[in-house]
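Protein chains in written order, with numbering that gives the first Met the number 0: chain E, 0 to 248; chain U, 0 to 248.
There's no promise every hint is true.
Because identical chains cannot be distinguished in the list, a pair is counted as satisfied if it fits within a single copy or across any two copies.
When the alpha-carbon atoms are kept at most 25 Å apart in a straight line, the in silico SDA-like pairs for lysine to any residue are as follows [to be verified]:
hint: 1; residue 1: Lys-3; residue 2: Asp-114
hint: 2; residue 1: Lys-30; residue 2: Pro-221
hint: 3; residue 1: Lys-171; residue 2: Ile-223
hint: 4; residue 1: Lys-74; residue 2: Pro-170
hint: 5; residue 1: Lys-3; residue 2: Gly-116
hint: 6; residue 1: Lys-146; residue 2: Pro-81
hint: 7; residue 1: Lys-103; residue 2: Leu-180
hint: 8; residue 1: Lys-103; residue 2: Ser-7
hint: 9; residue 1: Lys-146; residue 2: Gly-224
hint: 10; residue 1: Lys-30; residue 2: Asn-201
hint: 11; residue 1: Lys-30; residue 2: Ala-234
hint: 12; residue 1: Lys-188; residue 2: Tyr-40
hint: 13; residue 1: Lys-188; residue 2: Thr-44
hint: 14; residue 1: Lys-57; residue 2: Tyr-40
hint: 15; residue 1: Lys-74; residue 2: Ala-92
hint: 16; residue 1: Lys-16; residue 2: Gln-113
Bear in mind the hints are in silico, worked out from the structure with no lab data behind them.
Protein chains: 2
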Amino acid sequence: MISKSQISLIRSLQQKKFRKEHRLFVAEGLKTVSEFINSGYSVKTVYHTPSASANLNKLPYNTDLEPITAAELEKMSGLTTPQEVLAVISIPAPRTLNNTDLQKKFTLVLDGVQDPGNLGTIIRTADWFGIQNIICSEDTVDAYNPKVVQATMGSLARTNIHYTDLAELLPKLGMPVFGALLNGENIYKTDFGNEGLILMGNEGNGIRPDIQALVDRAITIPRIGQAESLNVAIATALFCSEICGKKVQ
Amino acid sequence: MISKSQISLIRSLQQKKFRKEHRLFVAEGLKTVSEFINSGYSVKTVYHTPSASANLNKLPYNTDLEPITAAELEKMSGLTTPQEVLAVISIPAPRTLNNTDLQKKFTLVLDGVQDPGNLGTIIRTADWFGIQNIICSEDTVDAYNPKVVQATMGSLARTNIHYTDLAELLPKLGMPVFGALLNGENIYKTDFGNEGLILMGNEGNGIRPDIQALVDRAITIPRIGQAESLNVAIATALFCSEICGKKVQ
């Protein structure tokens, strides 16, 4: 049986401070949990309500399963409507990013994206378009924030997210930096070549001036109507589509 | 001074039932409120805290302003962090949609989109790409839901949203229906011509079978990576970009 202190530890993982301290995060829903198991994440325990039992044979036989009541799940869950299954998973150690990881492909770079729903949607979209690496400034919202985890719909399990000092890393990579900026080249007429970094900025303020200084080519999505701006996840998707989407035959 | 019953009426407009009963909705933040005033919406009263006073000269001189305290705003607001200004606005009477409104242009059609953030982002994106009309099935989330209003960032003021029975309306319009479906034509290789309806489905279930039967051409965004699906607002944006975005010189 699960103890009160275990429940409160799991509940505390809703906050970044405790995720950092315990190096653990929470994923909810059988499908999302399966994706992490299948991607080789170290899943500590899968808690499940009786109603989920019939579907647990979809998980590997050696998964550490622990039955809980719906009331216990409600205390542990960050969701308004908990989804029968909740896993506690180890946050993987950060990998060092080498130039060779990024060559001959496109990589997203996020400078200060704040909204968990936006980051989650960006990770899901990157996974759709085959982008494997996302480099985030240190103040970008934490990818293991439960709202991000849920919004990725499992794609977080397949995408490498790196947090780093962009001002330090970008010049070292020696890759062309395409920045989403106003008054740049028309995205529809740009030849992006076969590798590069796609740099997107914060929801309200865009790319910080010191990071803008590292942009090789400013790229703009032309506006036809009157909206003042596009949502950052939408703008990112349009870049992924233009750069990666069209290559499929 | 604002009365308790006025505060509770305004608070009740967070719910569709009361918006429908009073034919009123709420918009928050000076910028969003200005967009509704500038677009000719009938704005009943603009409530503002003392901190907002310095900026109210941006509103037309005949706006009905009413000072309130921060505590009163907090009771009326649907936002976690209220934004100094809250307006009560009349919901405009539904307009009849004629074929001539839609000719030589593209119109979005949403079949059962449920998430307010998704609808808000779709309206904002449509406004960016110059799409003026959005036709929604009757079970699509209400465009005057405060979460939708805020997510549109003012674009709701410039976009016509029509709620109707799609099964009845679509055949009458005599326009080509492009449906976002699996196993259709590659979006990047499709010639969309110069007019048509872009039909998007519900977040989990896609386009309903009886509405799918009205699709003239199934269109697919090719997948390169492994995500199972795209978020509906992202998919809608990719259609808008392919169909409308490229026409800009």
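To see whether the hints hold, each was checked on the structure:
For a Cα distance limit of 25 Å, the shortest separation of Lys-3 from Asp-114 qualifies neither inside one copy, at 31 Å, nor across copies, at 34 Å. Proximity of Lys-30 to Pro-221 under the C-alpha cut-off of 25 Å is restricted to the inter-copy arrangement: shortest distance 23 Å between copies versus 38 Å within a copy. In this assembly of identical chains, the alpha carbons of Lys-171 and Ile-223 never lie at most 25 Å apart, being 37 Å within a copy and 28 Å across copies at closest. Taking the closest pair of Cα atoms, Lys-74 and Pro-170 never come within 25 Å of each other, the shortest separation being 46 Å inside a single copy and 50 Å across copies.
In this homomeric assembly, Lys-3 and Gly-116 never come within 25 Å of each other (Cα to Cα): the closest approach is 30 Å inside a single copy and 35 Å across copies. Taking identical chains as interchangeable, the C-alpha atoms of Lys-146 and Pro-81 lie at most 25 Å apart whether they share a chain (13 Å) or sit on different chains (22 Å). Only within a single protomer do Lys-103 and Leu-180 lie at most 25 Å apart by alpha-carbon distance; the minimum there is 24 Å, versus 31 Å between protomers. Neither within a single protomer nor between protomers do Lys-103 and Ser-7 lie at most 25 Å apart by alpha-carbon distance, with minima of 46 Å and 59 Å respectively.
Taking the shortest Cα distances, Lys-146 and Gly-224 sit within 25 Å of each other only across copies (22 Å), while inside one copy they are farther apart (32 Å). For a Cα distance limit of 25 Å, the shortest separation of Lys-30 from Asn-201 across copies, 19 Å, qualifies, whereas the shortest one inside one copy, 30 Å, does not. For the identical chains of this complex, Lys-30 and Ala-234 are inter-copy neighbours only, at 22 Å across copies versus 28 Å inside a copy, given an alpha-carbon limit of 25 Å. In this assembly of identical chains, the alpha carbons of Lys-188 and Tyr-40 never lie at most 25 Å apart, being 40 Å within a copy and 38 Å across copies at closest.
For a Cα distance limit of 25 Å, the shortest separation of Lys-188 from Thr-44 qualifies neither inside one copy, at 50 Å, nor across copies, at 46 Å. Only within a single protomer do Lys-57 and Tyr-40 lie at most 25 Å apart by alpha-carbon distance; the minimum there is 16 Å, versus 54 Å between protomers. Proximity of Lys-74 and Ala-92 under a CA criterion of 25 Å is satisfied in neither setting, with 28 Å inside one chain copy and 45 Å between copies. Within a single copy, Lys-16 and Gln-113 get their C-alpha atoms as close as 17 Å, which meets the 25 Å cut-off; across copies the closest is 33 Å, which misses it.
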